[in-house]
Each structure stands twice: as structure tokens, then as C-alpha cells.
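Since chain A is already given, all that's left is putting chain B on it; use the hints.
Listed in order, the protein sequences are those of chains A and B.
Read in order, the letters of the first sequence correspond to residues 1 to 155 in my numbering.
Read in order, the letters of the second sequence correspond to residues 1001 to 1773 in my numbering.
Treat the hints as calculated values from the structure; they're not laboratory data.
Check the hints yourself; a few may be wrong.
Unchecked claim - Distance ranges between label pairs, derived from CB positions:
id, chain 1, residue 1, chain 2, residue 2, range
1, A, Glu16, B, Gly1493, 40 to 50 Å
2, A, Gly82, B, Lys1648, 38 to 48 Å
3, A, Gly82, B, Asn1366, 19 to 29 Å
4, B, Asp1484, A, Asn154, 37 to 47 Å
5, A, Ala144, B, Asp1578, 21 to 31 Å
6, B, Arg1711, A, Lys80, 46 to 56 Å
7, B, Asp1137, A, Gly82, 13 to 23 Å
8, B, Asn1366, A, Leu7, 47 to 57 Å
For glycine and all other residues, C-beta sits at the position ideal for the given N, C-alpha and C.
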Amino acid sequence: MAAINLLVNGTRHTVEVEPSTPLLYVLRNDLDLAGPKFGCGLGQCGACTVLIRGEAVRSCVRPVSQVQNVEITTLEGLAKSGQLDPIQQAWIDEQVPACGFCQNGQILTAKALLDKNPNPTDAQIRDGMKNTLCRCMTYYRINAAVKLAAKRRNA
Amino acid sequence: MTRNPSRRSFLQTTGMLVASAATISLEGVEAFLQQAATPAGPYPDIDFLQLDSWIVIRPDNTATFFVGKTDLGQGTGTAFRQIMADELDIKFENTTCIMGATDTTPDQGGSGGSDALQTDGYPMRRVAAEARRVLLDMAAQHFNVPVTSLAVSDGVVRTTIGDTADREVTYGELIGGKKFNVTLSGRNVDATTGKAPLKSVKDMPNVGRSPRRDDIPAKVNGSQRWAVDMKVPGMLHARHVRPPMVGATLKAIDEASVKDVPGLVRVVSRGNYVAVVCEREEQAIRAARQLKIEWTPPATAPFPSSENLFSFMRAATPSSASEPSVVGDIAAGFASAATTIEANYDVPFQGHTSFGPAHAMADPSNGQLTIYSNDMKSYGMRAGVAQFLKIPKEKIRVVWMHGPQAYGRTAADDAGFEAAFLATELGRPVRVQWSRQEETAWDTKGPAYAVTMKGGLDAKGQLVALDYDARAADFNHVGYNEHDTVLISQLMGQRKTPARGRASYPSDKYGVPNRRMAGSVVPMPLAWETPVRMGNLRDPDGPQVTFASESFIDELAFAAKADPLAFRLALLERGTGDDAGFKRARSIACIKAAAEKFGWDTRPSPKSRGTGDIATGRGVAYAYRSETVAVEIVEVDVNRRTGHVWVKRIVCAHDCGLVINPEATTRTLEGGLLHSVSRALHEEARFDESKMLTVDWVTSPTLTHADVPERIDIVHVNGDPNPNRPDLRHYGAGETVCKPMLAAVANAIFDATGVRMRRLPFTAPRVLAALKA
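Pulled out of the complex, with its shape left as it was, chain B reads as follows:
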């Protein structure tokens, strides 16, 4: 039996599974299928050491997998089904997967770090393999034959020896309607294992195939129910009023100003947090617009203007510094250099600017609290809300549902906490919806970076010294649903010691004899209640770091009169820092694969200039993240008259080890590449000394259809130096591609025009000014 996608969507989005003491009950699964009522709680943690927590097999020989991850549109849910179906030996089509409901699925932390397959895929495979082992034992008893004489495929076990050969029993007949009652081992969920070994990749028929993503049909035909669609009887609608000046203090609310708004239930305020709650959504929108509040401006400016940000960051006293990474003797390296160059690179704050503003619905029925949310880290929200509202965790469940693009935004899920607070205050279900202006201004931001690079070449043009010194505005990094860091608790005056943040270092395998990498963190004047709250924006700081390091490698290649791709290849070939994952060999393989696909012509940049309006150039950049390597080559058209840059071609060579679903991976990488093009060309959170200036899609532009590239080529590289290795690991895919793009675009603009862009984003006015300088 195939669970169709709309059915499956229903399963995911309602999450109405009854949890028994510690595992999913079979009655619960079937009640779930019959759309039973919301369980009243309490909601204990799901025990990851019980096989029944992960896998249910029904009499009709279908299986449902329960995993503590969330699928943010990358197709991970489909990939989980592929690897678990293969380990279990059941038909892919006969499987379903339920994700991210805290009372239903074991806590695997939700999503983050592109680790769904790299980390969480392994316990999933091991529990599926264990289920297969147990089922084969059951079949051996059933037929009274040795396990070794049995064969299994598609959930059917068959005898193979002697007179009794060719008898069959299905998994569903063996266990359907019953529990495994098998205890697993492992000190944490990532280490969860049974006794069964994993299969060889060659015995996993679904791996490397591209079954279509099971979430897409419902998203295309309109039947998908999203977190924004959750409704229950008696539900109220809430909207916010935020301080008009950052750091302002609420002085007085004029409730009379909204007394004519129909359906107004209550104006809720605590500290500087203000919400209006109404019977209908449009009423709440009107009330939020109409409510008059007196605010006291802050005594000091919360931040410098975004125009003065980098001079501020370079002059500020750091709040912390990272331990420098040193190879060789950097001073001696520079002393031996024939040529030394230095450059500054500036990356502004960039917002998530999610397409759908923050939202959540909380239902306080039955003295419990259910939060329906697109929070990618639903388990973290459950723990955070329990601490925030000071109620036992067992009274709370968070049901993850599909939502708009997350990429780290919903790891600081403000709306979920706000809905939980308001529902508890009002004693009724409350849906919170942020406005566009609120989301663009007040979402979490990727930290700004100011980087100074210095390099020394010897007389032969060899890189002999390389220095990286970064200042990151990453003070008070939020993004893990900690109860005292989300916006509502900040506005209410809860304070904890701010997270120190970090300044990260380049990730490459270049062989440089003398190298230093150092970094420090600088704070903004206001640490709390600020719309430059740092959060995990897709990588979360690799793009900033790599923009500086990989732009500078190009500047060194120019100084050495070398081809920039050949210069990188030579640096990699000089490298000695090999590791168990063969990242250096895999980096070399990716550079070569990208160059071949692109048709790279070896020559120094910039190319000789033509005379027309359009100057064309190409640029390359490279990085790795964890175990995954990405090399990107772009071709750009730069309009000399307008400054407009069009990235018209992208080649990405990508090595994330074993690829489970090539088509889904390809699309995930395409999206990451283009998001990074948008960050390179358009995105900056702009502000004056009291408020954000980027508040909607006009003030905060993004890449559009108008500038979609003509062609994108993704090359999946298996750069393992031993291609015969039987069990290549599956690594993460998603965030690595976000790293090199900013530099690749800058390098291509340089190749086209001879102008070096060192400050993001490369907006048309900024490029035009640079061309005229």
C-alpha cells in the first residue's frame, strides 16, 4: 500500500499520534490515520532506545518511520525513506515518514547544520537494519529454519533450502499489529544502534536513485496544510506593535485608541512587548496599526548607521578573540616575501528575510499546550517554552509543520514563544502572525564581518605568507530557541549573559608555509531588543569568511600574474594537511571537475577589455564545510553603463560523499547557489542610528526571475581517491555551496572589468561607482 502524499501530509501536519509511555502505540498510529482527536497529554519524551519508537510495520506490509528531523524543502524526508527502506528491505513505495513532532518522533534535534544525512541518517539506517534482523529471526522461528537459509526482499521473507524452499511470509504477517519490544543501545540518539550491521552501499537499491519528493504534489495542488493554516475552534489572531526606535522603552499605551476596533479581545503588554489580540485577523491588523503608544527613546544610539558600520567595527574594542591558528612563522614568511599585498573586505548584516513572516499557533486546551509551528528545531522550542513560561515540559508538545524557507530563521522561533505566551495569558488558542515589515526588520541576521587579508609572494610568485584577521559583529548570537534569547523575552526584559559569538576562519586545504588566522568579536552598543540579533543564516558565517579569503586568493593570483584556478590548484597540490576524509584530494578533484564542465580557459585575470556596454568575465572560488567540498565558477555580464551585474552561468562541482537522491540534492544546491547570488548582489540590512531602513521587498530587494541564470550545472563529484571504497559515507549538502559564491561573483566582476569589489552587496549603484572611480 502506498500512502499518498496528501494523506502523508495530513499525518505530518496534524501530528495526532497518541504516544504511550515512551513509544508510539499501534493504536495511536491507527487512530492517527483515522484523524482522531488531539491527545490530552501529558507528552513524555519518546524513548530513542526502543525500536518501536522508530518503526511501525502494519499487517498490510507497509512501514512508517518516525524521525526527529524536519524537512525544510530539501527532500530529506524522501531521502530518509530511501535509506531506511533499503536497510529494512521493504519497498520504498510502501513507506511513509513522520517528522519533527515532539510527542511522536524521537528527539534528533530537528534540523540544522546540513547534518540530516551526515549525522542523523546513520541511526536511522541502524534501527532499520535492526528491525530487519529481528524480523528475520522471527521468520526463522516461524519456518523453523536457520536465519542463514532465508532471503528477503520487498518485505517478503522466503526460505531457500531443501524441501521447504520457497515458502514466504511478509513482515506484516510477522509483526503487523504487534510491537518489536526490542531495546537498542547508544549513549545518545546519534549513537543509537541495534546488533545488526549496516548494509554495503551496493546492496541499497534506492540509494543513488531519485524518487520524486513526496511533499511536492500537495504543495502544488493546494491540499498541503501548513503551519500557517492551523485553526482550531475559538482561535484568536494576534499581531504586534514593535518599538519605533530600537531600544525605546514603553511609557504608556492609549487603549482608547483601539476601542472602536471590532473584535478586539485584549491589548497585551509586558515590558516592551506589545500585542493586540482580536477575533479576526484583519481586526488584529487594524488594531496594531491604530494602537497609540508612547515610547521613551533610548539614551544612546543602539548601533551606528549601516553606512558607518565598518569604520565602527574596525575601531571598536573586541569583546572576545578566538585562538589564532598558526602554521610556520608568519613574520619570517612576510620578511622573505618579494611582494606583499593587503586588502580589507566588508560584509554587512544580512537578514533571513523569509518569504513568509514568522507565525505559530498555540492551543492551551486541556490544561496542556500544543504549539503548531514550522520551527526547524521543534524539540528546542518545547524545552525553551517550558522554561520561558515555567511550566513542565511534559505539558508541552510542538508539532512541526511545513512552512516558508527557514535556513536558520526558525532556529530562533520568536513566533512560537509569542503564541505560547499569548495562549497562556488569554486561555484560548492564539495564532501569531508577524507582518512583512516586522519580519524584514526584526528577524535574526547573519553577522557583519570586517576582514583584513595580507599575503606575501616570493620572487617566483609562490605564496609564502598569508594572514587573515576577522572582526565579526557576532556578539549575542541567538538561534537555538533558548528561552531567554528569543525576541519576546528580550523585550520583556529577561537578560542572560549574551552569547559571545565567534569569528570563523577560512576552510580550504591550501598549502601555505606560513599562515596565521585570527579573529575577534565586536559588539554593537545595544546587545538586547535589537533587530541586529545574530542568528544562524545559512552556514552561518562561511559566506562572509570565504568572501574575504577567496577574493584575496584571486588578488594574489593577479599579483603573481597567474591564472586564478591554476593558482588554487597549485596551492592545493602543495598542501600536506590530509585527513581521513581526503578533503584535499577531493578539493583537487572538484576544482578539476568544475574547470572541465565550465570549459575554463587558463589565463590571468582580468581579461582584455572590450568596448561595449557589456563586459563578460568568469570567476572561481572554493571552500569546504565539515566534510563537503564545493567549487563554484560563475560567468557574469557587467553592464558598464548601469552597473548591473547578471550571473548568467554557474558551474558547481560538489562532493558530499554518497549522494542518496541526486535530483533532490541538485535542486537543493541550485537554490543555495542562487540564494548566495542574491546575497552577493542585493542583500543588506540597512539602518540609521535608531531603526531599520530595510522593511519590505522594495527597501530590501532580492534576486528575481529577471536575473535567473541561463544555465546552472551541478557536477556531483566522488573525489574519494579510492573510488572502490565500498561504503562511502553520506555527508551534508545544502550549506557548503553558500560559502564560495560571494567571492566567485567578485572574482568574475574583476575578470570582466578589472575592478575589485571588496564590499558587499554588489548593487548596481555600488558597481557603477567602482567602475567610475
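One chain only, chain A, in its complex shape:
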């Protein structure tokens, strides 16, 4: 066990855990954040995605000791001043989720994608999102919502 310092959604936390503990379990079990989900523990599906320095990172395979004192953003931290992020709003307007379990990863992966490339082509969206899985198969609506969000962000 060691004291680990984390900066999550603008708040500093210190937790006593094994340094090798994947970030996901600390976020979920110690910081009580429900956005990131356990889907595979293998970095294959995207359920556990968080943003670290603008990158979509899979928290299920990232040791907590490696992400100390860097800004970590979870789904809960995406809204600013009570305003949903335009991507979240697009998800509501397109009525994207079915069960919704994967949408944390979809939204945060789309956020990282659009922050880097504000005007992605359809092919770039497909490629950028392809490793973030959805078993309800809401892909068609996600694709539309990413385009809607891009349009609104650029307006």
C-alpha cells in the first residue's frame, strides 16, 4: 500500500492503495465515480475510458501510480458550470444510448477525437472510434451524434 495523489475532475484526492492497482478500481471504488465502467480489464473495449491530457486512456490497464497529479477527467467532469458538453448534448439529441453501458467510452473517445480533429471525415470517425465497442450496436447513432457535435462545436 502507498499514498497515491490523484487530480480528478479538478479535485485532489489521496488514496491508500497498491501502486499497481489499475486506475479504474480507484475511480470506481474509492472516489465513487460511476462514469468509467469495467468491461474487459484488458484495454480492448473502451468502457473504462477517461481523459488524461486530452488523450482517451483505458483506465483498466493504467496503474494508478503512473497518473499521479495529472488532470484526469471522467464522464462526471465533462460538463462545465452545469452545462453539458456539446458532445453529451448531441448524445441526448440523437437519443444515442440503448443500455448505455458503453457510452462513457463512446463520449470520451469522441471528445478526444474532436479536440484533435474538429472536422473529422466519416472515415476518420470510423477509424477513430473503431476500438470502442458497443454491443447494443448504437454505432449508427453515435456516428450521427459525433457529426452533430462537430457541427455545433464549429458553429
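Relative to chain A, chain B alone:
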């Protein structure tokens, strides 16, 4: 007052409603709203014959509906509010709906069979209509006027006659804070009714509108609390160790191998069931990885390899056979045929491979047992756990909470039983979480099918004889939370007579003068403790059946040199098997609607081939399920160099009767269509003779964003031959669309390439090999 979604989510997910003897108490509702403590029990059944069990109206003129269903992401909860608000005559925005908590909502069986609106929507409408009737009676007494002189809208009753006209009283003023105390009638929950008649559809303003799904905002902003998020003080974390070879017997556990794992509370084993329980989740993961166990391999292989599955199934001795369905004289039909063709179709086992592995949390506090779960059949779990642990049902409640994609997986809710067992063993709350490898390998599977089709055409190309003979590996079908069928009880050695399973028949309205449909079930060598446990995978076997029947119809059209869509239309028009639901007429209407939307060009398949890498083709397939009809047309690109198939366009004409919420229905169908595309192109549970080989997303691929279609068009058809019928019924939507897609894709590949794919899935290597053959 509008209950906002996060509030509503809280209501659903905590389920902290106090049940009185048989109905929801008003104090309970308000305590619930104030986040009161978990009730100590006991937890009697909710009496569906009490109006108070279904509807609570508050002084502020808001209503909460209590229904025994679960919403798996289709928006059924929103649809229930639409139809109940309309029957009650209250503002949709002033309603909330609580679902699937066994001590809070009447037992409507949870979810399954796409029957939420088709079956359960009717008692919901009737009780809401009865509440309206009772409230109007109360208003009549209140104003001392005849009921017939009253008008009501948005929960406000108004007088309309004479000097006393235009006086108003709200539902909340009439009954808020009080009980209805009205007894309903009905021999079972589906038949529950009061005295009030249902409204005409034209008087239901919310029907056919698409209010946004009320569960979505919390799922998008991160505030939703899911079953995976349930925590209580003192809760422990459990993970499993499964046998490395299927059918292996536990010989010895080396507990010393985990003695250095911090937070280890106990290694629990019974029979071949093994769990490690730790204070923290990552500790349990480590302990499960580290625990050394000696297993004795089974004497005989539990199953053939998945590569040899179909030769095994075709040679095996069936354990049971279904009664054949026969029309005309099949032998005479074939004798009269000018051309006879025959083909075999093979569908492998396919897993649910839920995006979120199985999980549940059980809390044994107060000598009771509360199970927090995403079990779609929470009532079945309550009964099953009571039998499994041999404790009275009244001591158990199951609180349904949102969870990952279910589609039948949580109808065999292994994790709920495991959490209940471990919590009882340890006397502390225990959260069970399956690993990805465990879920992909050990979840329930859709049964494999090996089908032989034979058809005869006369000299004019008319279908005169059609034979369907299916072998289903559906022996030991689980999926109803029976206590002695879930994995933990199998591993503990509990045995019951295995469910025989079934081989299902095609569902179409084709007119074929001589037709036989026959089916049998074949067992695998190991019936128990196997990862090829059959369960209800989305339909649960229509996709397999329809892949064979609708691929073969295309093969017959090819033999008859006919356009495959026109060939189907002609078969439907020859049909005579009409029923009260007009399925044949509705099937014809859907075929025509799909063809029109797609812009179908009438010609035989395959189309003349180009020379480039990409060959494009289109295919059609059709089926019905219960009363709902679906016709699907897809366009595919087949890469001749790589074998990769892209379904780039989908048109689905769908008739599920009265559509309550068109947008939510559309999205549900889109998801079902794409899930079926994934099953057509990617999904197969693969195994060697001792273990599963598909254990994660690399070994068990799925459709991804890369292959999302360019366009999907859903056409909601009202194919009722009498469109003026005032009260068209609402049928199920969800599973029907899963049936035709596998064949539609195969038919499109044939149209593009002239190559007929008869074995699923159409992976790139398999398609490439077929192209080169």
C-alpha cells in the same frame, strides 16, 4: 411537477420503497423520495389486484406508475408512461415509472419475448383507465353532479353543465395522500382489469409521439447509478476461478498460494464452484489469478471441437424430436417436381458476449437478503434464489437496476445467485463481478443449428414442395433463473432433468402446396457445467431457423430464374393461411414497402459481375415473430481480394401494429439489425475438445464503428388491410428484426459474387475461401 431523470434514476436504482402488506404505502412512496433506509422486510408479493399497487397520485397532481417490467435500453419505461398517462388523462411530464423491484412493483415477469407492450401494456392501460374512472366518480360526488357531465384533461376534472359549469378539481386534490382501495379482477396479472373500458387510440395523445427517453440524460452525464455501482458499508468483492478444462473436477485447492494477497477474506469452494472473496476488488482479481488449484480432467471430452460441430450434430442420435408440421403431400409434391434442389445450412453457437460481464451485489443485513441486479427477470431470480438457498421467498427481494445489454443473458442470472450464496456464506454484503474471459467463455449461448432444406419446382418454376429438417443443439436450455440450472448450482453438482430444448420452424406466410417442417434436438456429450449452456439469445432461435429458410428461398428463386423479392411476393400472394392478425396481408405490405424504400430493381440474382476488387449486391429476407412482421433488404460490398463484407445499407419494413414511441422503436430496431449483422459476419463461440477458445474481444470479434452502415432506413408499416380499424393493437418490437438479417446478408453476398454462403459467420477468411473455391 416533473420528476427529473436523475431523481427518477435514483428511485429506480435504490428501490427503497416500503411495501405495506400488499401494496405500496403512500408513506413508503414519500420515504422513498426522501431516500429512507432499506426496509428490513419481510417482503410480501405485491397484490396485482389492488389498484394501489399500480398507481400512486400525489397532492401535487403527479403520478407514479409501478410496473413489473425492466427496461433494457429500449425505452419501454417511457412508453409505459405514455400509454398509462393517456388512459389516466394526466400530463405525461407529470408521471414517473418504477420498474422491476420485487417488493415494490407487481410481478409482471420482468422482461422477455419482446412482450412489454404486446402483453403487459394492456393491464397497464386497464388499471390506468380504472383509476381515471374512480377519480371521475370521486369528482362527481365532490361536485354533486353526474359523471357524464364532467370533462377531464391533464389531471384536472371540470364541470361542463349549467350554472355550475367550469368548476375544477385536480386528481391530486381528490386523492393525493390517500389510497384508492379499489379491488381489481383478473385470473392472472396479464388479465388484470377494472370496470373501465380502454380508450380509442385516437383519444390517446401521447401515442405515436416520441417524447425523449427518460433514462438517457443520466446515462450521458454520468449520474446514473447502475447495478455495478451498488455499494453498502462492509461490502466485499468476489471473483471466480473456473475449471480450466470443461467438465474437470476439483481435486485440491492450495490456499497457501494466496496467503500473501492483502485483504483476502476467504476462499470459498463447493463442488467445482470456487470464489475468492477480498476486501477490495483489485485484491480479489489478484487472488483469483494467483490461486493454485488441482483439477482432474474429465474422462471424456465435453464436446466436439467447434470445427467438427456440424458433422457431429448431423451424425448424433437426437434426444427428442418435434411434431412435424405438414401441409399437403410432401412425397407427391417432390414426385411432381421438374427440378429438385437441396442444401445444408450451419449456424454455430453464438454467445451473448454482453459488453458488461455478469455482476450482482447481495446484502444479507437484518437477516434478510436484498439482491441488486440487472436481472431482466428479477421476480424469477427471487423465486430461484429462495429455492437455491432454501430460505423463504418473503425474506428475499431483488432490486432491478440498469445494466449492460441483456437480450436474454440475464434471464439466466448466474451472478445474482452467486452473490446471494456468498453473502449468505460470509454474512456480509458481497459484490460478484465476472471477468471478461469468464463472460465470453461461460455465458449462455444461442443454440447451434444444422438444417437441411429441400425444394421442388415445377416446369413453370412454381414451388410445389418444400422440406425443412432442423437439428438444434438446444439440449439443456437454461434461461429462466431456475435454481438448479444456473452455473453455480451446476458446478455444485445440483442436477435436474435437463430441459429438452426445441428445434423451431420457419415463420412465414408463403403458400406452398406441399410442405413439411421437422426438427430434432441433439445433445452435446456433457450436459452440465458446460460453457455451451443454451440460453435465450435474442429471439432465441429465429435467426438460425430463418437463415436456413430464407437463404433457401433465394436458392429456389435462382433455380427458377426469378427475382428473389418477386418470388417471395408471389409465394405470399399464393398463400391462404390468413389469421385474425392479417399477417399475410401485413407481410405483403412490408415486402412492398421495403422494396419501394430501397429502390429494388427486379432481376434474378446474381447480378452480372464487374472486374474490380469490390463487388456490390443486394439481398432480401423476411420473417414474422408472434404478430410482428419484418422485411429486410441489405446492400453489401464484398472485397474480392480480402473477403471482407461491408453491409453498407439496410432497409427494414416493420409492422408491429400500433407504435407507441416511433423514435425509440426505430433505435431499438437499428440496434437489433446491427447486432444481427454482427452475428452474420463475426460471431461464433469457438472451442477445442476441452475448452472455449473465444475468451475476449480479440478472439471473439464483434461489429465495430469501422463497419457501421452508411444508411439505415426503418419504415414503420401499418399493414392492416383495414386501416380504419380504430384500435389497432400494439405488438412487440425488438426481436423480430433479428430473424431475417443473417439470410439477407448471405443473399446479398450471393447477388454480389454468385457465391452461396451456407455456414455462419461470414468472416473474411471464410468468404475469401468461398470466392476462391
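A quick look at each hint next to the structure:
| no. | hint | result |
| --- | --- | --- |
| 1 | Glu16(A) <-> Gly1493(B): 40 to 50 Å | holds (41 Å) |
| 2 | Gly82(A) <-> Lys1648(B): 38 to 48 Å | holds (41 Å) |
| 3 | Gly82(A) <-> Asn1366(B): 19 to 29 Å | violated (39 Å) |
| 4 | Asp1484(B) <-> Asn154(A): 37 to 47 Å | violated (59 Å) |
| 5 | Ala144(A) <-> Asp1578(B): 21 to 31 Å | violated (40 Å) |
| 6 | Arg1711(B) <-> Lys80(A): 46 to 56 Å | violated (34 Å) |
| 7 | Asp1137(B) <-> Gly82(A): 13 to 23 Å | violated (45 Å) |
| 8 | Asn1366(B) <-> Leu7(A): 47 to 57 Å | violated (40 Å) |
When held up to the earlier numbered hints, the structure conflicts with 3, 4, 5, 6, 7, 8 and fits the remainder.
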